[in-house]
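Visitor: Read off the chains here:
2 protein chains.
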Amino acid sequence: MGVEFLDIIDLDDARGIMADLFRELYSRCSETVNIDDAVGRVLAEDVESPIDLPPFDRASRDGYAVVASDTFGAGDEKPVRLRCIETVEAGSLPSRRVESGSCTRISTGAPVPEGADAVVMVEYTEVSGEDVYIHRPAYPSQHIAAAGSDIGAGSVLVGGGKVLSPDKIAALSAAGVTSVRVVSRPSVHVISTGNELIEPSGRLEPAKIFDSNSLGISAALRDAGCSVSRGGIVRDDYDELRRGLIEGLGKADLVITSGGTSAGAGDVLADVLEDLGEVVIHGISMKPGKPTIVGVVDGKMVVGLPGFPVAALLVFRSLVEPFLRELSGIKAPEGSVKTLKLAERFHSSRGRVQYALVRVDGQYARPIFKDSGAIAALAGADGYIEVPKNVEILNEGEEVEVVLFENR
Amino acid sequence: MGVEFLDIIDLDDARGIMADLFRELYSRCSETVNIDDAVGRVLAEDVESPIDLPPFDRASRDGYAVVASDTFGAGDEKPVRLRCIETVEAGSLPSRRVESGSCTRISTGAPVPEGADAVVMVEYTEVSGEDVYIHRPAYPSQHIAAAGSDIGAGSVLVGGGKVLSPDKIAALSAAGVTSVRVVSRPSVHVISTGNELIEPSGRLEPAKIFDSNSLGISAALRDAGCSVSRGGIVRDDYDELRRGLIEGLGKADLVITSGGTSAGAGDVLADVLEDLGEVVIHGISMKPGKPTIVGVVDGKMVVGLPGFPVAALLVFRSLVEPFLRELSGIKAPEGSVKTLKLAERFHSSRGRVQYALVRVDGQYARPIFKDSGAIAALAGADGYIEVPKNVEILNEGEEVEVVLFENR
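Sequences listed follow chains R and Y, in order.
Taking full-length UniProt numbering, the leading residue of the first sequence gets 1, the next gets one more, and so forth.
Taking full-length UniProt numbering, the leading residue of the second sequence gets 1, the next gets one more, and so forth.
Hints listed in this document are in silico derivations from the structure and should not be mistaken for laboratory results.
Treat the hints loosely; a few may be bogus.
Note that identical chains are pooled: a pair holds if it fits in a single copy or bridges any two copies.
The list that follows gives simulated cross-link-like pairs (lysine to aspartate or glutamate, DMTMM-like), each with its CA atoms no further than 25 Å apart [said to hold, decoys possible]:
| no. | residue 1 | residue 2 |
| --- | --- | --- |
| 1 | LYS370 | ASP57 |
| 2 | LYS370 | ASP117 |
| 3 | LYS370 | GLU123 |
| 4 | LYS290 | GLU31 |
| 5 | LYS338 | ASP223 |
| 6 | LYS251 | ASP20 |
| 7 | LYS338 | GLU99 |
Just need the whole structure built from these sequences, with the hints factored in.
Guide: In structure tokens:
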């Protein structure tokens, strides 16, 4: 009696197929970006320091550059008297060589004059006219950061695979690195299908609803490190959907549609995919998300998410996002999954994986009992749990892993 | 003998002063942004749904819209025969009223025709010419999402304070919300001071180093939800610094400088601040970070960070960022602080708070022993630890809280 021609497979199998497809069809690419646009991107290769750091023998304290051996034996009782021949501030060059018996007043960060091999901190000195009394002995190299001692030109400064957090941006800038090769963002084209859909900026007509998946899925894609092009709303019509897919496949590495996967309508997407390429997954044993379709056209993947916003988002998160993150190199942040206690008993359906939206309440996760069409549930949820297919009941107080929405 | 006129205070006291200043000088502002630009922003106020959701009585399954009482007593042995008068797809309007004895074929998401008060799933029906056999009884309201049952027009959809993660963007779009009031980004002007500094894009001259703090601190500010203007490099010169500060104070809520806080140079910033407004903090008992300056000019804060990149970043993270995040509403992600075991003994200095960069190695944090000028240390670090002022030794294996760089 049914009109859906799904070939339902287990979620684990679907994940296996997705893993294979991603491995076969995609590989990480890289691109060169300006350091200013590189924050948060993933370094595609090791970056070597183009210069010695520090670039010159640099004073690391304010004080006097001296010949260390001049100071041996110096003390408060028996200070050593040196002639101060010059003052060198950070950014300036010394003009005179420091010979035994002389010294140069020097600021932190300034180049150490030739001849000097130590810096005595200003705290241990006393000025007397043009002379300076040194109250402490200095060992050779004291308070001098030698050229290249931090890192030598040609040495690896930041390793490939690192996320360019602000500290890494600072380190690269310090070495004068102004552009870097980073992992390219996978490009994804997003289409919403459905005769009932209206752009959120439009006027709501009878029998219509606003499209929410275009913006929601696009935002989730960007979080996962993808670049997004939007194909807008496409009618449940063979030719229109075919045109939309071909346009998307021309622009992007992967196309994600949502909606049009329910009976009848869904067959349009399956039909177009069969004609343009092949359907690889058509139906997954998960709730929500059963009518998910995955196809391959000309070596690119097309993922057909269900139309209900909760279903679309949860299927994207659980089945698609992990692979896109692997490709983009942008890991889900630590702490985006949290172990909490279930605030009340939860019934699931044996034999399929079930997702439930939850509200987080201190150390508790409270399931929100609504169907996948519920916008209020999505608006009020802090995250979701995945209930394995063999679990029928999760008891109150049981520990569950909550995937948080906000922390990404 | 010293030339610094610091008035060193405890880090806790400095934090207290910062808290008071932020409370006195700043308050959260809000601005209206397009929903498309609102991802990751913090909602400044409750958003009510402008419409009923669903906007009409909507079928939540594919099947037949019926008069429920017609189906009472239906079963596989004794199916009820109804005349199918019409087919309604999602997005279309029914044209005929369902009377007792008739039904309408209906798709998920389509409006339920007048007269019908239940939907029977297609799986429990059988077509016979223009008639349909119903094999299961339906209760009134079955598989119908009534108009406004998800959320009613005027009810709060997403509460103020929520971060607009992709799921919330989807929920707001579903209600046709196209712009939202979000917490404004605090605006911060960033200046690097020092005669020795060259833009990373410039040519490195003798005695000069590349400025790394402009880009590093700017990136950290953006992570914390601030908008950044950059004042570039300013010489250690009273008039130039004064001009730079006045320009920054004209543009932004807060000015952050780095460098020029060492002896001599540092007094320039203190002098300018004293003349334009007042110095509130001048010296903090922390390592690195001792010569940190905080001033107030015309009701706006000026923070003078030390020049060494590690010091600048750590002082920013520990003393400034938490307050800016409170203002922007952008919390540090869960999991950005991780409890790990110290991989080796660490000596600190009693009497001041000490920060140490660490490398994360599985469950272990390995301190990087380098001074705060070390760029290689920053490039290789995964985060840092804060050692309280009364702790002199952290033993190998001791648990430490590591603030991660990457997870922000």
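Visitor: Next step is simple, just say for each hint if it's right about the structure.
Guide: Evaluation of the provided hints:
In this assembly of identical chains, the alpha carbons of LYS370 and ASP57 lie at most 25 Å apart only when taken from different copies (16 Å versus 68 Å within one copy). For a Cα distance limit of 25 Å, the shortest separation of LYS370 from ASP117 across copies, 20 Å, qualifies, whereas the shortest one inside one copy, 75 Å, does not. Taking the shortest alpha-carbon separations for LYS370 and GLU123, only the inter-copy value of 22 Å comes in at or below 25 Å, while the best intra-copy value is 71 Å. In this assembly of identical chains, the alpha carbons of LYS290 and GLU31 never lie at most 25 Å apart, being 37 Å within a copy and 41 Å across copies at closest.
In this homomeric assembly, LYS338 and ASP223 come within 25 Å of each other (Cα to Cα) both inside a single copy, at 19 Å, and across copies, at 22 Å. For the identical chains of this complex, LYS251 and ASP20 are intra-copy neighbours only, at 23 Å inside a copy versus 52 Å across copies, given an alpha-carbon limit of 25 Å. With identical chains, the CA atoms of LYS338 and GLU99 are never at most 25 Å apart, being 65 Å at best within one copy and 52 Å at best between copies.
Of the numbered hints listed earlier, those contradicted by the structure are 4 and 7.
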